[in-house]
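Visitor: Chains as they are written, first to last, in UniProt numbering: chain A, 1 to 468; chain B, 1 to 287.
Calculated from the structure, these hints are not laboratory results.
On a predicted model such as this, the values are computed, not experimentally measured, just so you know.
Among the hints, erroneous ones may be present.
Have a look at the derived ranges for each label pair, beta carbon to beta carbon [said to hold, decoys possible]:
| id | chain 1 | residue 1 | chain 2 | residue 2 | range |
| --- | --- | --- | --- | --- | --- |
| 1 | A | Thr40 | B | Arg107 | 34 to 40 Å |
| 2 | B | Leu37 | A | Arg24 | 38 to 44 Å |
| 3 | B | Val12 | A | Ala192 | 37 to 43 Å |
| 4 | A | Ile349 | B | Leu37 | 49 to 55 Å |
| 5 | A | Ile211 | B | Arg107 | 55 to 61 Å |
Partner residues are not named here, just some residues of chain B that face chain A (Cβ under 8 Å, in silico) [as the list claims (entries may be wrong)]:
| id | residue |
| --- | --- |
| 6 | Pro30 |
| 7 | Trp33 |
| 8 | Ala97 |
| 9 | Pro101 |
| 10 | Asn103 |
| 11 | Leu105 |
| 12 | Ser127 |
| 13 | Ala130 |
| 14 | Asn137 |
| 15 | Asp140 |
| 16 | Asp141 |
| 17 | Asp227 |
| 18 | Arg228 |
| 19 | Leu230 |
| 20 | Ala238 |
| 21 | Leu241 |
Where chain B lies over chain A, by a calculated footprint (3+ residues, C-beta under 8 Å) [what the hints assert, rightly or not]:
| id | stretch |
| --- | --- |
| 22 | 123-135 |
| 23 | 252-264 |
| 24 | 367-379 |
Note that beta-carbon positions come from the ideal geometry of N, C-alpha and C, so glycine has one too.
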Amino acid sequence: MTTPSLYAAREPIFPRRVSGWFRRLKWWLMAATLGIYYLTPWIRWDRGPGLPDQAVLVDLAGRRFYFFWIEIWPHEFYFVAGLLIMAGLGLFLFTSALGRVWCGYACPQTVWTDLFILVERWIEGDRNARVRLHHAKWNARKWRLRITKWTVWMLIGLATGGAWVFYFTDAPTLLRNLLNLTAHPVAYVTIAILTLTTFVFGGFMREQVCIYMCPWPRIQAAMMDSDTITVAYREWRGEPRGKKRIEGAGDCIDCMACVNVCPMGIDIRDGQQMECITCALCIDACDDVMERIGRPRGLIDYLALSDEPAERAGEAPKPVWRHILRPRTVLYTAMWSAIGLGLLYALFIRSDIELTVSPVRNPTFVVQSDGAIRNIYDVRLRNKLGEARQFHLSLTSDAVLRIDLEGGDGQLNVDVPADATVLQRVYVTARPQDEAATAHRTDLRLWVEDVDSGERAGRETTFNGRVQ
Amino acid sequence: MSEKKVDETTGVETTGHSWDGIEELNNPLPRWWLWTLYATIIWGIGYTILFPAWPMISGATAGVLGYSTRAEVAARITEHQERNSALVEELISADLAALMPSNDLHRYGVARGRSVFQAQCSQCHGSGAAGAKGYPNLLDDDWLWGGDIENISLTVAHGVRNDTDPDARFSEMPAFAEILGDEEIESVVEYVVSLSAKDFDTALAASGQRVYAENCAACHGDDARGDRELGAPNLADAIWLYGGDRETLEETVRYSRYGVMPAWGQRLSDADVRAVSLYIHSLGGGE
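Based on the sequences and whatever the hints tell you, model everything.
Guide: Laid out in structure tokens, this is it:
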């Protein structure tokens, strides 16, 4: 028995090239996801003068989030929170129905690692060539191949980090500034960090990120059950493994194709494993072999573990829709849709005028020399349009109350610049002989009306009297 | 050390921990993971050498870079003051009464005045400036010494009835216990009550009116509407600095009141005095 080492070096993995249905799907998804990531900041969107022309922009300095025709203000951040909850529930839904599809197809770590392996194969050759190169001594050829590979990886990393910063400011301007070295240092630092992490994560750490760094695999395990359709090996059909001509052998000829193509370096025939990201490349590899040796496809396949006893007994498995349609997935779908509909509803009813009314509670009221009672309110007026507007303030109440504005000289109109918020102090007064002056609380509603368009919005608040 | 146990299936040594028969394998850590750990240790040692870190008896180690958050704050404050110096000059010389709320100088003055108020004035006048018994409410429309910015500024700079500033607002009400008899005091209190209340003793108030005319009208005025030159309160309105019930009024007449406010001009800069005046004026009671 040897004493275990304190640390273990990574076992290098050299995934072999594979072709098939899932591989093609992954190429398409890679093109789509990378395309969306790199191109989105360059979509232009005309919002009129003074506003950014970028379709998707996270304007941290201006505290706005622009998404095509939708403009999110800081107080509407619940939209973003809602979308994040939907993303979470969506992940729950997909995981409970189809296992770790996110990990296998859409996770940035998977997509970029896939791209890096593609580059590696172009430069150093397929699995066998790469294994040979790995064991070869460092000579001119090995240096040349390695430096070429690392350079291309670094360029991809640079493009990755570079694309990220374009989401936060006007992309063409930033690109110009980046090139003539006048951009903000934050941009360079962000690009540098993301370039390096992409280079290291995609080039060197790869499956280690999924195994040791990522919390999702552990969380996703809780989303799965025996009805989840996941990548698995039909043990009852494959075992015992052996050469094709051996009497009584299963379909698995132990060709190791499934192991050689696996980017996580595992053997799916050992059963469900934490490392498996369900990328399904082993399915492509095995189906290819099964076809060549004249056996039915699907020795390794997307299947639900609960079907195993039926299949072993030679019965038909449950239809796919019965695996997918179960209380768990229905519940996730219902929750996901409810939040989605709620957000859509909120999006369509929201107005271009908004106000918040904060009654000043320190003190709750002020007695005037004639005995009148005055309450003070801080009213925030938000003009979400791209042009300056004049708002008229008024109030309605069952009680007799008078409204005045600070600095208004009897005027009740406030000018609010385009796309801005104005804080306006509002005084509401009850004459001493009126009931509101002595009542504990009186309801009232403050109204804001666009002088030109007549559009208006209101907020409920209360008036505090001097209780005697 | 207990005997080492090895898991049969994997050939890996176990830690000896077992839960419900499930044993924990003592797998080695990934190498990069350990390197990261060592790197953070080295970084941590370097950090404590470069920056203030180790607590000693009278302070912490300074660090070879000489970095100090206090110095950084001081530098930021200086930078801030330099940036605002033009506004401060303007604040000292501008006609504050003519500034509109939308004006930049007005906003700067009010913001600066708010911090001055919270630090220096809120102890007596309250954080919302609503005052308390004996400490005037700065939000209403009643001003003992005048409520325009010039008058507020004068009151802030020199204070009220203090011995330290010859320009302080000054007035003194006599303690009438030594001058008037009990009945006269009772009647004059009834007269003052009658000015703003509905229920009062008509006969008593009528006799109090004579006492008032002889003793009080000189300062509070024939119609009891007070006099700002003397800081004499209006006795006919709804606002009472010490309270408007008979008992409180009797105490006031008998022993008088003597509220003191410090001369803030001695402690605050001109800019601060003007800023806090602007702030108080903007609260809603200013004239």
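Visitor: Any CB of chain A closer than 8 Å to the CB of Leu230 (chain B)?
Guide: violated, 18 Å
Visitor: Checking hints one by one. Is Arg228 (chain B) an interface residue toward chain A, by the C-beta closer than 8 Å rule?
Guide: At 13 Å from the nearest chain A Cβ, Arg228 (chain B) fails the 8 Å test, so the hint is violated.
Visitor: A range of 38 to 44 Å was offered for this pair. Does it hold for the Cβ distance of Leu37 (chain B) and Arg24 (chain A)?
Guide: holds, 42 Å
Visitor: Please verify that hint: Ala238 (chain B), Cβ, nearest Cβ of chain A, below 8 Å or not.
Guide: holds, 4 Å
Visitor: Holds or violated: Asp141 (chain B) as interface residue toward chain A, Cβ cutoff 8 Å?
Guide: Holds: closest Cβ of chain A sits about 5 Å from Asp141 (chain B), inside 8 Å.
Visitor: Take the shortest C-beta to C-beta distance between Asp140 (chain B) and chain A; is it under 8 Å?
Guide: Because about 5 Å separates Asp140 (chain B) from the closest Cβ in chain A, which is inside the 8 Å limit, the hint holds.
Visitor: Do the numbers back the hint for Trp33 (chain B), that is, is its least Cβ distance to chain A under 8 Å?
Guide: At 6 Å from the nearest chain A Cβ, Trp33 (chain B) passes the 8 Å test, so the hint holds.
Visitor: Can Leu241 (chain B) be said to touch chain A, with a Cβ gap under 8 Å?
Guide: Cβ of Leu241 (chain B) sits 12 Å from chain A, so the hint is violated.
Visitor: Closer than 8 Å, Cβ to Cβ, for at least three residues: run that test on the stretch 123-135 of chain A against chain B and report holds or violated.
Guide: violated (count 0)
Visitor: Under a C-beta cut-off of less than 8 Å, do 3 or more residues of the stretch 367-379 of chain A approach chain B closely enough to confirm the stated coverage?
Guide: holds (count 7)
Visitor: If you take the shortest Cβ to Cβ gap from Asn137 (chain B) to chain A, is it below 8 Å?
Guide: holds, 7 Å
Visitor: The hint says 55 to 61 Å between Ile211 (chain A) and Arg107 (chain B); measuring C-beta to C-beta, is that right?
Guide: Once the Cβ atoms are compared, 56 Å apart, the range 55 to 61 Å for Arg107 (chain B) and Ile211 (chain A) holds.
Checked against the numbered hints given earlier, the structure breaks hints 8, 10, 11, 17, 18, 19, 21, 22 and 23 and satisfies all the rest.
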